[in-house]
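2 protein chains.
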Amino acid sequence: MAASGSFSDLAFGPKITVPSSHVFYQSVHSAAFVNLKPIVPGHVLVVPKRSVPRDNQLTEEESTDLWLSVRKVAAVIEKEHGASALNIAMQDGRHAGQSVPHVHFHILPRKGGDFENNDDIYDAIDNFDANPHSKPKLEVPPDSERKHRTSEDMAQEAAHLRTLF
Amino acid sequence: MAASGSFSDLAFGPKITVPSSHVFYQSVHSAAFVNLKPIVPGHVLVVPKRSVPRDNQLTEEESTDLWLSVRKVAAVIEKEHGASALNIAMQDGRHAGQSVPHVHFHILPRKGGDFENNDDIYDAIDNFDANPHSKPKLEVPPDSERKHRTSEDMAQEAAHLRTLF
Chain D
26 MAASGSFSDL
36 AFGPKITVPS
46 SHVFYQSVHS
56 AAFVNLKPIV
66 PGHVLVVPKR
76 SVPRDNQLTE
86 EESTDLWLSV
96 RKVAAVIEKE
106 HGASALNIAM
116 QDGRHAGQSV
126 PHVHFHILPR
136 KGGDFENNDD
146 IYDAIDNFDA
156 NPHSKPKLEV
166 PPDSERKHRT
176 SEDMAQEAAH
186 LRTLF
Chain P
26 MAASGSFSDL
36 AFGPKITVPS
46 SHVFYQSVHS
56 AAFVNLKPIV
66 PGHVLVVPKR
76 SVPRDNQLTE
86 EESTDLWLSV
96 RKVAAVIEKE
106 HGASALNIAM
116 QDGRHAGQSV
126 PHVHFHILPR
136 KGGDFENNDD
146 IYDAIDNFDA
156 NPHSKPKLEV
166 PPDSERKHRT
176 SEDMAQEAAH
186 LRTLF
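These protein sequences, in sequence, are chains D and P.
For the first sequence, counting from 1, position 51 maps to 76 in my numbering; every step adds exactly one.
For the second sequence, counting from 1, position 53 maps to 78 in my numbering; every step adds exactly one.
Hints should not be assumed to be uniformly reliable.
[Stated by the list, open to error] Heads up, simulated DSS-like pairs for lysine-lysine below, C-alpha to C-alpha not over 25 angstroms straight-line: (1) P/K40 - P/K62; (2) D/K97 - P/K97; (3) D/K74 - P/K74; (4) D/K40 - D/K62; (5) D/K74 - D/K62; (6) P/K104 - D/K97; (7) D/K74 - D/K40; (8) P/K136 - P/K97.
[Said to hold, decoys possible] Simulated restraints on C-beta separations: (9) D/T84 - P/S109: 17 to 25 angstroms; (10) P/G107 - D/A100: 18 to 26 angstroms; (11) D/H185 - P/S109: 34 to 42 angstroms; (12) D/T42 - P/G138: 28 to 36 angstroms; (13) D/A184 - P/S109: 38 to 46 angstroms; (14) D/P39 - P/G138: 42 to 50 angstroms.
Derived by calculation from the structure, the hints in this document are not laboratory data.
Where a beta carbon is used, it is the ideal one built from N, C-alpha and C, also for glycine.
So here's chain D without its partners, still in its complex pose (with noise of 0.2 angstroms):
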């Protein structure tokens, strides 16, 4: 399950392709992104390669890789962004809060004090949008005040994280 060193597009969901250039590691079945609209710098996500929308679709294997590939991404981020915890978190379906019907987990390191309420990044995760064709939700400032990043700038962080795997 070794990141291999060519990465390819990424097929998240029906509707969504993530370019290579964005993708910053890779596993037998898992990939890691950098993400559009980060809740905390380092924020990413962690999906299986093949397009499901509900975890129990994955087979035993290829959950198990998903699983494994968190918690190796997760610790080189953790360290990168010199945080002291992590949220990891699944909406495992639409009733959920799933916003991209394709099975992902985010990651966003954690710092003392990184949120004024510690309660705020439940917010923030519940209001990120994976999905870029949907439009901001109105009632929903924290999403909508957080500015798409451009695609360099992705690609950027995307090729910095790939040399710490």
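Model the placement of chain P on the given structure of chain D, informed by the hints.
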């Protein structure tokens, strides 16, 4: 990693002992137990038997067993509660909102319309305090409004869940 027929008391962090009657699932390295103050019906916790604060302090074998246990428990809980989705979350370290310094996954079965605003589940997760010794936070009405269940009530739920594995 099959669930054992006999259950043991479980150390949850340095100060809490979960009575065996509240435990409903055990594998080689992991266990699951019912909640004192569930956010939604069926909200349960899955933990490694070895009490460490951070996931990166678990061996790969222990953490893999933990994740496969989450999957097994999640499948049973989702079906049992007629849910259509799950929130699966780990607050990995104090600065991520972890209230008991022992690795734990929250599993919350979700269905359409269970929370008026889907965002509310995150406030609820963060307001959730797994530590029965901690005083209710004055600034957190949702936590203090949730009544502690009786131990008998929790044992009944656990006894029923055991039959499902």
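Task: Hints that the structure is at odds with (numbers, increasing) - done: 3, 6, 10, 14
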